[in-house]
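Colleague: Listed here are the chains, written in short residue letters.
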Amino acid sequence: MIPALHNLQFLQPKLLPLAMVDHHHADPVAFPIAHAIEAMSWAGWILWLPMISLVLCGACAALRIRNKLPAIITVLSLAGSFFVTLLLYLNYHEPVTIHLFEWFNIAVGDGNSFVAAFSLYVDKLTLLWMLFVTGLSCLIALYASEYMEADLKSGYARFFAGVSVFVFAMSSLVMGDNLLMLYLGWEGVGFASYWLIGYYYQKPSAVAAAKKAFIVNRIGDLGLALGLYLTWHHFGTIQYTEIFAAIQHGVDAEHGETGGWYIKYIPFMLMLGAFGKSAQLPLYVWLPDAMEGPTPVSALIHAATMVTAGVYLLCRMYPLLEALHPLALPTVAWIGGLTALLAATIGMAQFDIKRIMAYSTVSQLGYMFLGVGVMTTYGGAYHVFTHAFFKAVLFLTCGAIMHGFAGQLDLRKVSGLTKMPGWRIVSWTMFYACLCLVGFPYISSGFYSKDMIMAQAFISHGPGFTALGVIALVTALMTAYYTFRVWFRVCLGPVQYEMGDEHHGDDEHGDDHHGHDKPHAPRWAINTTLLIITLGAIASIVLYYTHWGQDMVAGSSAGGGVPSAHHGETHGFWDDPHTWMPWVASITTVVGIIIAWFFHLAKREAADQLKAILLANPIIRWLPTAMENKWYVDELYHAVIRAPLWIGGHILYWLDMNLLDFAIVDGIAHLPRWLGRAFRPLHNGILQSYAVSMAGGIGLVALLVLFMPRILQWLGGGG
Amino acid sequence: MTTVLATELLTVLTLNQYLLVSAVLFTVGLVGFLARRNLIVMFLCTELMFQAGAIAFIAFSRFHLEVSGQVFVIFILTVAAAEAALALALVVLLYRRKETLNAELWSELRE
Amino acid sequence: MLAALLIILPLLGGLLVLIAPPQRAKHVTLAVSSVVFVYSVVLAFIFGPHWGTDEFALTGAVTWLDGIGITISLGADSVSLLLVLLTTLLMPLCIWGSFTAITDRLREYYGWMMLLQAAMTGVFLARDLIFFYICFEFTLVPMYFLIALYGGSNRARACVKFFIYTFTGSMITLAGLLYIAWRYAEIAGFWSFDIAQLTSFAVDGLNNYPGLSQYEQAWILLALMAGFAVKVPLFPLHTWLPLAHTEAPTAGSVILAAVLLKLGTYGLYRFVLPMVPLAVVEYAPLIAVIAIIGVLYAALICWVQRDVKKLIAYSSVSHLGFCVLGLFALNPLGVQGSVMYMLNHGLSTGALFFLVGMIYERYHTRDMTQMSGLARRMPVWAFFMVFFVLSSVGLPGLNGFISEFLCLIGAFTASGDAGAYPGVLGPWYAAIAALGMVVAAMYLLIMVGKVVFGPLKEPAVHHSTGEQSHLPADLTLREIGVLVPLAVLCVYIGFQPRTFTGAMEGSIEGVLAEYPATVRQQQILQQADLPHFDNAGLVLTMPESTDIGEVNHDG
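Protein chains in written order, with the numbering used here: chain A, 2 to 720; chain B, 16 to 126; chain C, 170 to 724.
Mixed in with the good hints, there may be bad ones.
[Unchecked claim] Examples of chain C residues lying across from chain A (beta carbon under 10 Å, computed): (1) Ala-468; (2) Ile-615; (3) Gly-623.
Just so you know, the hints here were simulated from the structure itself, not pulled from any lab data.
Quantities reported herein were computed from a predicted structural model and do not represent experimental measurements.
All C-beta atoms, glycine included, are put in the ideal place defined by N, C-alpha and C.
With the sequences and hints as input, model every part of the structure.
Modeller: The structure is reproduced here in structure tokens:
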């Protein structure tokens, strides 16, 4: 096997000297910056087609069209988007910006303007992302056309409109040539996610999950917005081309070009945005809940595409991260590594297969961040790419199971899927996707991408990067365990199942056409989609050997993070992590699979026994409990953030009503009345008493007049 | 001495003497107004105070050889006449309501 | 006198309503207000070349009280014309929207609406201080009656509070404005209430008189803020607003939120910023802090509301905090954002009040705990509700985002070292205010989650009152017609803000003309204040020379 490994190594080209990667204050990495061109405005159709689809789906909803028209429209327009992207890829020569129309253009004095146009920044990174975004969206929309058919009477058009919005927003996020357009897409995909998570809007848990996703994302968006303001403040522009030019020109990290001390916070603010969108610590809590949405949505938005927006942002802004603060990338790496570990521990203890997949997504996103953080944007981006395919397959198979078993998602309640008629494609595509997820040696795409990240953690020098590599390996073990736990439980073993109780969110039409007593196997749309995406996952291995992915990243703003494996000077097996990592990782993976095999296929009762033993031990009892309860992070956030604010709101409202409005405002308004009350006894209705007070008053005035000079004199003397 | 003074007092009337009369008249009116409860008597008392004012006006008018004081008196008399007409009518009406002229029983305007 | 027709037509409409049969009143006013709207659009075209400049056009004047220089003079620059357009657009919609809601005293209702429109338009068009003030105050009268006659159960208290609170504030404002006019009369020898003249007098002075001193300006600022801040309303002067909003009839709330609150911010824009720059530079941080407190304070209060209308009322307080923050950023981005905020808040909050009104008309309640999942029963309504909530939350691609973003980036970059327009705020102001974005998403989405989504629960309609609605479950075409123009504008502004920002550029530059110099001067003064004798009383330490001092030490 060792010669094969050397072959593998041999395939990795030299790109950049290692020294350049290790030193943050090295000369900024030169990469080609886009220039504006007049032609190719047809690329705008990548955005317009989903927009048109949105309008048409909206029209379908308004006209109460009850057939599959919205799905057809959406699939066609997304396919159109994909082909336009493909055309763009085939016509690609060098990074360009393509102007579509003006958006913001405000003079800010001194002849400067705040400009943010609807323009596309097309470089290879853009294309890499857009290819899988539009391609997968189209396929998943096809899948959904069958998956969502139970809702033909209620929300079919609404669903596809949401998918269209998502693709529009995601395209503007990826293709925008400035941070504001990215922000538009950023919030846009957040909104699409809100829309689609809350698709079953009568289900309180779905509504709550949608709300949570939007609000948690808003916290991240806040970071992104502040990063944007800071960028504008310091660079006087938010357009990538100009920012990159400034960076290449050289920005002093200590003072910044314009002298502000806070320029170094730009990377951290952008990072906060990325952590929110890509579900990293501390903002990952929304993603598992987002599984309340229909499964195609989970596959498309919450696994394959939207959640990788954070990685995209970091790749796009990689030069800034590298140049502006020495701790920026290590922070990314640590957050990524810890998220990967934490999510994996939670994933091991869940029973809902979709939720397990959600945590595995969080965990894999952690790997991607780790990759970017340890300065292999190539590893990060490539993992995004491979992950998009195999995770989409995993979710879609979960969805098929859920669809066929009326919402059953508990891995203890479905077993032996491979032996059921009509489920073969589902189980074996799922098997392959599981192999990819755990990174099974050589035959899975995940192996290559994850390997690259883990090896780089041992190569790059940074605070605790070696520890991060070890954490990544441990996480890989856990990943192997929990992934195959699912597969062994659900697809192998004796044929047993228990139907779920779902009505596809359509509780007014209880007469669901396919009953709830026996599972119904997926039909052509679902199976075709699964096969195509699985083929895509297999194909991404080929892309590794042909260096395609590497080329795609190297020519872009993330090019600074395409490390070379250290060639020629290898003295021994342990000197180069790229040499030993495949071995170590493979062994880890296989061990994890064997453990899963033992507990979840060979001796299923052993898992329960182990759990019982663990729970019986008072010292470690908390561990499985805490893992099953997701480390109580939701509860912690609720207690520390939400509850105090909510109580604060009540207190403020009380103060507003009683102190501010009643005591102060009404108090001042009542002052004249209280004064009047003091004189009230004078008005007793007795004529003579009026006369007395009148006479007394006259007397008083007379006395005053008489003695005024003297009083004044006295006052003057006294003063 | 005393007779001379007395005759002087009686024959040469000074401004002060007029003002004294006016003051006495006003005080009588005021005390009457405050002390009595009969509406008609109270009304008469106000008339007394009016006339006290009128006397003062005339005295000053003569003293300063200035007619405008006397003009004012004519106004006062006119107003007093109008008032008398109104007030007595009111008193009569009030009397019809409660069959009494006691002012204390009328206190509806109390706060 | 092209502009005068904008005021005269509604007045005539008001008269026409009084002689029309009651059942025709709504049609008459709808026709008149639509004509006025069309006319205002025509005026916008006539205004043509003046868009984007700081010139006043459509001017005209009639002497009124010649002896003391009071005229009725009208004119519009781009910002005021935009606000006029907002008013003329919303008025027909409000009238159309009240077709079924108002069932008795029809003539008075529509008459007051017409009068209100005349007064509001007058405020935006006035070029004479006294005429401005008269219109400014006169808006209270129709609004008072709209609340008092057509309001909810607590309307008596609401209308009195609304009237007295805002009136008290404006009296102080009048005092401040009169002080400027009085000083002018002293120096110039004759009275004038021309706003342009007084502004230039206050800033640049006249006949060797150097303009108002900083001390005078500070007091004038206080006086002007007293009225305008109540109107905006700025925390802590906002308590009349939730009450007035909840009690007012739907159209009243819409007008109140969309236009009447803008009179306050327009006042800040038209009077405070241009007239008292020295004081503004000195006190902008304080005002900004108050605005930010308002943003967060009202947002948190929104969170715990049960009455949807009250929630939206408090959200106005929160939103207008952003608006004021942007204004006092004193740079083009912030002020652009602020003026855009005036328009956008009018559109989206106005629409939200319409939507709440539609619910109230059907169920006679606005209590969030009594209803849920209305999307099931009223999908069209739910669509618009979510749409305008998103616009209010500031979703990019819709209008709310444009203004919120500009206000925040304006405040963020309003630090002393900013290039062409140095400011007196800075990143922290924007960073803290931006938290309001998160809380806004929280309270609005929680409201949507409760009312629009979730399992269907309809409030029991009070049959006993015999007020059961004759409206169908979902929106009628009329109601959709009211909302669609607003929604279209929201999307248009979201993608083409340039139409508006470009139009206002000149006016805003004019308003900000004094500021770069004033801020720099203030900075120099502050630096001059800072040097001090240290304890030894020997070494004069300048702040910027500390580095050198340290170097010397080391050497």
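Colleague: Hint by hint, say whether it matches the structure.
Modeller: Evaluated hints:
no. : hint    : in the structure
1   : Ala-468 : holds, 9 Å
2   : Ile-615 : holds, 7 Å
3   : Gly-623 : holds, 5 Å
Checked against the numbered hints given earlier, this structure breaks none of them.
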